[in-house]
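K.L.:
Residue strings, one per chain:
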Amino acid sequence: MSEPIVSMQDLKYRYRGQKGFALEEINLTLNPGEFLMLMGPSEAGKSTLAATINGLIPHFHMGKLEGDVVVMNRNTKDHSVAQMAELVGMVFQDFEAQLFSTNVELEVAFGPENFAVPREEIKDRIDENLSYVGLEGFRNRPPSTLSGGQKQNLAIASVLALKPQVLVMDEPTTDLDPISKMGVFEITHRLCKRDDLTLLIVEHETEEALFADRIALLNKGRLIKVGPTREILSDVALMESLGVMPLGIPRFFKSVGVSEVPLTPDEGVEVFKSLKLQVNESAYNDMLVKEKADLEKLNDPLIQCRDLSHTYAGEVEALKQVNMEIHRGDMVAIIGQNGSGKTTLAKHFNGLLLPTEGEILVNGKPTRDQGIFSLGKSVGYVFQNPDHQIFSEKVYDEVAFSPRIRKLSEEEVNQRVLEALAAVGLEGQEEEDPFTLTKSGRQRVAVASVLASSPDVLILDEPTTGLDYSEQRSMMNMVRRLNENGSTIIFITHHMWVVAEYAKRAFVMKDGNVILEGTAREVFSQGETLRDAFLRPPHFVEFSHRLGYTFLTPEEMKACLEGVHN
Amino acid sequence: MDAEIYIDNNSFIHRIDPRVKIILFLLTFVAILLFQDPIWMLPITFLIVIQLAISGAFVNMRRIKYILIVLTVSSMILWNLFSSGDTKLFWIFSVESLTYAVARTMLMILMISAGMILITSTRNEELVNGMIRLGMPYRVGFAISTALRLVPTIVTSTITISQAQRSRGLDLESGNLLERLKKFLPLLVPVFISTIRSTNIFGMALESKGFGASEERTFYLDFEMKTSDYLVLAFGILFMLASIYFAIMGYGKIEGLVRA
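From first to last, the protein sequence lines stand for chains L and B. Using our numbering, the first residue of the first sequence is number 1, and each one after it goes up by one. Using our numbering, the first residue of the second sequence is number 567, and each one after it goes up by one.
Isolated chain L (complex conformation) (with noise of 0.2 Å):
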């Protein structure tokens, strides 16, 4: 047994000012090559503990550190976070935020400058991490005109230059969008093979689990458990009860009593053959029958797209005559790669966008002859990013921000503000600091403060980037009942599962085209187009595909088994 690369013994650890301890009772150890991955819902701690390695906690982050931490005979505790870089390379989540050179080679040479590495030797690391994450071609290019996915590979070449021996990311992919996560995931899949490097990623993706060595899952500050991945991933109830994203299939299984479940599609469907499971065809005929049905009941139009086009500054063409139709009373999805337009097309909807050819007719009347002030009483946007609109010192001041602006009456501002923060869950809250809350909470202060001038719309965009898996289910849950109240939802997400369990209806985007539309089952069952758009499916869907079918989640798929009976 080879000694431990990190180790950590009864490390405690206690932001500055605050009461409750952020770390408890950690003792963790990773051995040298191996891959780790850290889960855990929000707040439970991911990012501390990650912080704690390269020692950003305690030197960076100040506060009280008990315990110890020792990566290869050197205690955080004795070196600055710039004298273990060269042990410990750290990425970052936000990727507009670490990078900060004009060029793509400066950004590699950055590391080694620091390290006093000679001239010769930094230009061969750039040469070669540059082509390791596929971005030889860009070596003259600032980082600002990358995408998200390269500005990530480019965070993570800049770090592998200084040669760590730990490479620590935190959610390296939260931001992304699925092409670009592929495209992070397929290098950490080469890097997890090199056995110099060991790896700790953080992350919410648990498809991508399956190629860590072994889990550690950890909630309020502890580790709950940490076993190999197949053990961890078998344990669906333990999963769910911590609110990390089971994998869809061992839920399947477990959920018509296997007890050796399979986890990937591959291992599906050969357990399900052998264990001679069957679909009810007349069962899952009526279900689609049923679900086209409902769909045909929602024909009046609300949003009718002509042609539209759009042209940034007279030059970058991101829509492209789209043609489309929302209807009222719609639960809509809109996904597509970062740049197919996804976003640009929403931003038409509310009139904060018009198009530069085309038209498009919301309420049956072009959004040029309505203007943004009166359109946004009818239709509400949802930016991703909540820290971008809230600015009040209460969240009802927040909320009650755009009833004000219309000039309400104050009776009528605090009604709609009790309305919106009960529709969001955020009852009683009124007197709270906005800026407190956690990111799923600041998310429905954000959803509130855009209910409250009561739209008929609502766009979302990327309602569920950055929470957790159980906020997700909570935030989609809450977007799904203000649709069963009559509201039109639309929004656009990178998460394929949220539009496989909520979305009615999906649009696909591809450079500034709709190429596919359809219910959401629809569109999971073209593959190959899917891929043409760099989408894919979640791997419970691809099961059910292998299998024949297009089942949207494991619950449906039981529903309609052959001689199972709930």
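Bear in mind the hints are in silico, worked out from the structure with no lab data behind them. Ideal placement from N, C-alpha and C gives every residue a C-beta, glycine not left out. Be a bit skeptical, because a hint or two may be false.
[To be verified] Straight-line alpha carbon distances no greater than 25 Å define the calculated BS3-like cross-link-like pairs of lysine-lysine that follow:
(1) L:Lys558 <-> L:Lys19
(2) B:Lys748 <-> L:Lys394
(3) B:Lys631 <-> B:Lys792
(4) L:Lys220 <-> L:Lys19
(5) L:Lys12 <-> L:Lys64
(6) L:Lys123 <-> B:Lys749
(7) L:Lys558 <-> L:Lys292
(8) L:Lys377 <-> B:Lys748
(9) L:Lys77 <-> L:Lys123
(10) L:Lys407 <-> B:Lys748
(11) L:Lys377 <-> L:Lys365
(12) L:Lys394 <-> B:Lys792
(13) L:Lys77 <-> L:Lys220
(14) L:Lys19 <-> L:Lys394
(15) L:Lys558 <-> L:Lys276
(16) L:Lys504 <-> L:Lys558
(17) L:Lys377 <-> B:Lys749
(18) B:Lys749 <-> L:Lys407
(19) L:Lys365 <-> L:Lys394
(20) L:Lys407 <-> L:Lys394
(21) L:Lys12 <-> L:Lys225
[What the hints assert, rightly or not] Listed next, the stretches of chain L that the computed footprint assigns to chain B, with coverage defined by at least 3 CB atoms under 8 Å from CB atoms of chain B:
(22) 52-64
(23) 78-86
(24) 346-360
(25) 380-390
(26) 402-414
(27) 444-454
(28) 497-503
[To be verified] Beta-carbon label-pair distances, calculated as ranges:
(29) B:Phe801 <-> L:Lys77: 54 to 60 Å
(30) B:Thr761 <-> L:Val316: 41 to 47 Å
(31) B:Leu738 <-> L:Pro118: 31 to 37 Å
Starting from the structure of chain L, add chain B where the hints point.
P.N.:
Chain B in isolation, oriented as in the chain L frame:
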């Protein structure tokens, strides 16, 4: 939207050694400050306009045109208020004060232009590198470049934030001055908060990449003084010496100007 200030068009000015550019920048400041009379400021103005054209910095000047207009108008009024002369025209204006106000306004615009030329044609790293080789401590140089780097970040987040607030009904175009100022609060707070947040991550990323790990540091970017750099530098120094000579000889003053 591209909010970068540096424009990568490899002009003659881009290729000048950053050390020379920094020295020229400082010399330009001295040359601008020497004279009160706009006529005497014309030579330096001419040089700056040529540099703006060659470096392509006009694009960046156009981006800040509203700021420039506001500065010009307010400076023209203020300098007339705070100075006077014998040849009265009307109200606060006299020939002398008007001339002086034109000169002061030119001074301001020229200084901004000189700065703009420098940062349009010089990469952040080159700038830091140049400053350090001229004797500035690395950390100070890095701090200056960080401040410059923040500008595009703030511009980009301001655009997003103003869209988010306009979607909620914020209307910046109506109301009197006080009301309008109050309306900027929903923009300023989120801009402030998101800038702090990203600066925090920036700081962590910086340390995690070994910033300040050792006293020694290599600079990947390398440059050497070329003949053309020496020529440009020599021209700059001669120009400045000539300016100083004329200023000492008493040229470029405004007769009869009284400053408050």
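K.L.:
Now look at each hint and say whether the structure bears it out.
P.N.:
Going through the hints against the structure:
Annotation: proposed proximity of Lys558 (chain L) to Lys19 (chain L) is violated, straight-line Cα distance about 46 Å (limit 25 Å). Our distance criterion of 25 Å between C-alpha atoms is met by Lys748 (chain B) and Lys394 (chain L), whose separation comes to about 17 Å. Taking the CA atoms of Lys631 (chain B) and Lys792 (chain B), the gap is near 35 Å; set against the 25 Å cutoff, the hint is violated. With a C-alpha separation of about 14 Å, the suggested pair Lys220 (chain L) and Lys19 (chain L) falls inside the 25 Å cut-off, and the hint holds.
Between Lys12 (chain L) and Lys64 (chain L) the alpha-carbon distance is near 8 Å, which keeps this suggested pair within the 25 Å criterion. Between Lys123 (chain L) and Lys749 (chain B), the direct Cα distance comes to roughly 51 Å. Violation of the 25 Å bound is thereby established for this hinted pair. Our distance criterion of 25 Å between C-alpha atoms is met by Lys558 (chain L) and Lys292 (chain L), whose separation comes to about 20 Å. A hinted pair counts as satisfied when its Cα atoms are at most 25 Å apart, and Lys377 (chain L) with Lys748 (chain B) qualifies at roughly 22 Å.
A C-alpha spacing of about 33 Å is found between Lys77 (chain L) and Lys123 (chain L), which places the hinted pair above 25 Å, so the restraint is violated. Annotation: proposed proximity of Lys407 (chain L) to Lys748 (chain B) holds, straight-line Cα distance about 16 Å (limit 25 Å). Taken as a hint, the Lys377 (chain L) and Lys365 (chain L) pair is honoured in the structure, with Cα atoms around 15 Å apart against an allowance of 25 Å. For a cut-off of 25 Å, the pair hint linking Lys394 (chain L) to Lys792 (chain B) is broken: about 61 Å separates their Cα positions.
For the given pair, Lys77 (chain L) sits about 24 Å from Lys220 (chain L) by alpha-carbon distance, which is consistent with the 25 Å threshold. Taken as a hint, the Lys19 (chain L) and Lys394 (chain L) pair is honoured in the structure, with Cα atoms around 23 Å apart against an allowance of 25 Å. At roughly 14 Å between alpha-carbon atoms, Lys558 (chain L) and Lys276 (chain L) fall within 25 Å of each other, so this suggested pair holds. As the CA atoms of Lys504 (chain L) and Lys558 (chain L) are separated by approximately 20 Å, the hinted pair is consistent with the 25 Å bound.
For a cut-off of 25 Å, the pair hint linking Lys377 (chain L) to Lys749 (chain B) stands: about 19 Å separates their Cα positions. For the proposed pair Lys749 (chain B) and Lys407 (chain L), the alpha carbon gap of about 15 Å is at most 25 Å, so the pair holds. Of the supplied pair hints, the one linking Lys365 (chain L) and Lys394 (chain L) is violated, its CA atoms being roughly 37 Å apart against a limit of 25 Å. Restraint check for Lys407 (chain L) and Lys394 (chain L): the C-alpha separation of about 20 Å stays at or below 25 Å, so the hint holds.
Proximity of Lys12 (chain L) to Lys225 (chain L) is assessed by CA-CA distance (about 17 Å); at most 25 Å being required, the pair is judged to hold. For the stretch 52-64 of chain L, the stated coverage by chain B holds: 4 residues have a C-beta nearer than 8 Å to a C-beta of that chain, and at least 3 were required. Interface restraint, the stretch 78-86 of chain L with chain B: holds (6 residues with C-beta to C-beta distance below 8 Å; minimum three). With 3 residues having a beta carbon nearer than 8 Å to a beta carbon of chain B, the stretch 346-360 of chain L meets the requirement of three or more and the stated coverage holds.
Evaluation of the coverage hint for the stretch 380-390 of chain L: fulfilled, as 8 residues show C-beta separations to chain B shorter than 8 Å, against a requirement of three. As drawn, the stretch 402-414 of chain L meets chain B at 3 residues by the rule of a beta-carbon pair under 8 Å; at three or more, the given contact holds. Against chain B, the stretch 444-454 of chain L contributes 3 residues with a C-beta closer than 8 Å to a partner C-beta. That satisfies the three-residue criterion, and the hint holds. Counting residues of the stretch 497-503 of chain L whose CB falls under 8 Å from any CB of chain B gives 0; the rule of at least 3 is not met.
Taken as a hint, the range 54 to 60 Å holds for the pair Phe801 (chain B) and Lys77 (chain L), whose Cβ atoms sit roughly 57 Å apart. The beta-carbon spacing between Thr761 (chain B) and Val316 (chain L), approximately 26 Å, falls outside the hinted interval of 41 to 47 Å. Look at Leu738 (chain B) against Pro118 (chain L): about 54 Å separates their beta carbons, and that is not inside 31 to 37 Å.
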